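Trainee: Take a look at the letters that make up each chain.
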Amino acid sequence: MADKLHFSLVSPARELFSGEVDHVIAPGTDGEFGVLVNHAPFMTTLKNGVVRVLDGDTVSMRLFVRGGFADVTPAGLTILAEEAVNLASVDAAVVQKDMDALRQTILAEGKDSGKVEALEEEYSYLEDLKAAL
Amino acid sequence: MSGLKELKNRIGSVKSTQKITKAKQMVAAAKLRRAQEAAEASKPYATRMANVVANLTAGMTEGAGGPKLLAGTGNDQTHLLIVMTAERGLCGGFNANTAKLARQTIQALQGDGKTVKVITVGKKGREALKGEFEDLFVDHVDMSQAKDKFTPFAIGLGKDLSKRYDDGEFDIATLIFSEFKNVLTQTPKTMQMIPATAPEDAETIDLNGAIYIYEPSEPEILEELLPRYLNTQILSAMLENAAGEQAASMTAMDNATRNAGELIDSLTLQYNRARQAQITKELIEIISGAEAL
Chain A
1 MADKLHFSLV
11 SPARELFSGE
21 VDHVIAPGTD
31 GEFGVLVNHA
41 PFMTTLKNGV
51 VRVLDGDTVS
61 MRLFVRGGFA
71 DVTPAGLTIL
81 AEEAVNLASV
91 DAAVVQKDMD
101 ALRQTILAEG
111 KDSGKVEALE
121 EEYSYLEDLK
131 AAL
Chain B
1001 MSGLKELKNR
1011 IGSVKSTQKI
1021 TKAKQMVAAA
1031 KLRRAQEAAE
1041 ASKPYATRMA
1051 NVVANLTAGM
1061 TEGAGGPKLL
1071 AGTGNDQTHL
1081 LIVMTAERGL
1091 CGGFNANTAK
1101 LARQTIQALQ
1111 GDGKTVKVIT
1121 VGKKGREALK
1131 GEFEDLFVDH
1141 VDMSQAKDKF
1151 TPFAIGLGKD
1161 LSKRYDDGEF
1171 DIATLIFSEF
1181 KNVLTQTPKT
1191 MQMIPATAPE
1201 DAETIDLNGA
1211 IYIYEPSEPE
1221 ILEELLPRYL
1231 NTQILSAMLE
1241 NAAGEQAASM
1251 TAMDNATRNA
1261 GELIDSLTLQ
1271 YNRARQAQIT
1281 KELIEIISGA
1291 EAL
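Residue numbers (my numbering), protein chains in the order written: chain A, 1 to 133; chain B, 1001 to 1293.
Keep in mind that the hints were calculated from the coordinates and are not lab data. Remember, predicted model here, so these are calculated numbers, not experimental data. Any given hint might turn out to be false.
[Stated by the list, open to error] Pairs of lysine to aspartate or glutamate, DMTMM-like flavour, derived with a Cα cap of 20 Å:
id	chain 1	residue 1	chain 2	residue 2
1	B	1019	B	1254
2	A	115	B	1254
3	B	1159	A	121
4	B	1005	B	1265
Let the sequences and hints guide you as you build the complete structure.
Mentor: So this is what it looks like as structure tokens:
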């Protein structure tokens, strides 16, 4: 293991991770893919899911991303996520609470409101997030 | 006596003004730190995004179709200007400078016979341009409820722009905002957003002749990427603007505090002189009265 893969994960709010790792597995729209060092140039869109960072054979970090892009260049892997959280810092109870609150808002808005679609999307994101925990 | 009383009142009122400006300066300084941090934190994403767009567009052959957001409408008749200013005043020339650039840009475009439409973001710019260009306004984004959360506003505006563009409402969209250089300098700047252009300073990565693999396909990725790139550009402009506003406000309030201090000094001097003169006058009156006896 002489070479390491440079991996950075950024969201519009901040840079969540930047550093050298062995292996990253990310949820592409067309399926999950793994990136090792010296991967060929590759670009894909991402779906909601878990990005796993591996050191050796053990998963050292799990991050949940909400859509975005992955860009592999000779310089390394960059993931541009719309939104991303480190799963280690997420509390299932809090997510459940947010989900309940959101469900209430959706019910209160009623079917006619134009907001429901966006709220439903938010809800399914939280559902995915909870499932990943 | 009335002169003395008046002076004393004035000193009091200037002192309370100074307290207010001092407080505003400190508030702005605290907000500036937060705004600056937010702007800094969003930079990596914006830079990477710009690099990815630069990479993708470099691979695309000139004018070979591509999404409309990138290729343009093939026309440059209708220009849409998005003028981004602050919601509040009391920040020196910050809003006025942006409005001035907007005015010049509008006049230059109109001089060339182009049609100009304007979307204002932030109340102050709207007020400044209302007199001359009210008939050009097509929309206004009210940021007063934004507080520190700009993302929904950026995404909203981005969606709105894409929709207007698809409806053929304009050919070229340009953003006018204040670039945050440092605490002392914010320069108004224009940036073309649609058709999308990669910034000149973006690094294009040398692939050593390797070929990119796209998944799904290149057009589909671009289709997804460009609206996001648009949102990112709007968001970073908003963040820079917010930081600039606080910096300008801090500088302006600092100046006001200093001016008030100078005014207080000179008024105090005047007051002491008048008091001294009064005492001297009274003494002379007493002494000459005693001498007359």
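Trainee: Next step is simple, just say for each hint if it's right about the structure.
Mentor: Taking the hints in turn, this is what the structure says about them:
1. Taken as a hint, the residue 1019 of chain B and residue 1254 of chain B pair is honoured in the structure, with Cα atoms around 11 Å apart against an allowance of 20 Å.
2. For the hint pairing residue 115 of chain A with residue 1254 of chain B, the CA-to-CA distance comes to about 44 Å; that exceeds 20 Å, so the pair is violated.
3. At roughly 16 Å between alpha-carbon atoms, residue 1159 of chain B and residue 121 of chain A fall within 20 Å of each other, so this suggested pair holds.
4. Restraint check for residue 1005 of chain B and residue 1265 of chain B: satisfied, since their Cα atoms lie roughly 17 Å apart, inside the 20 Å limit.
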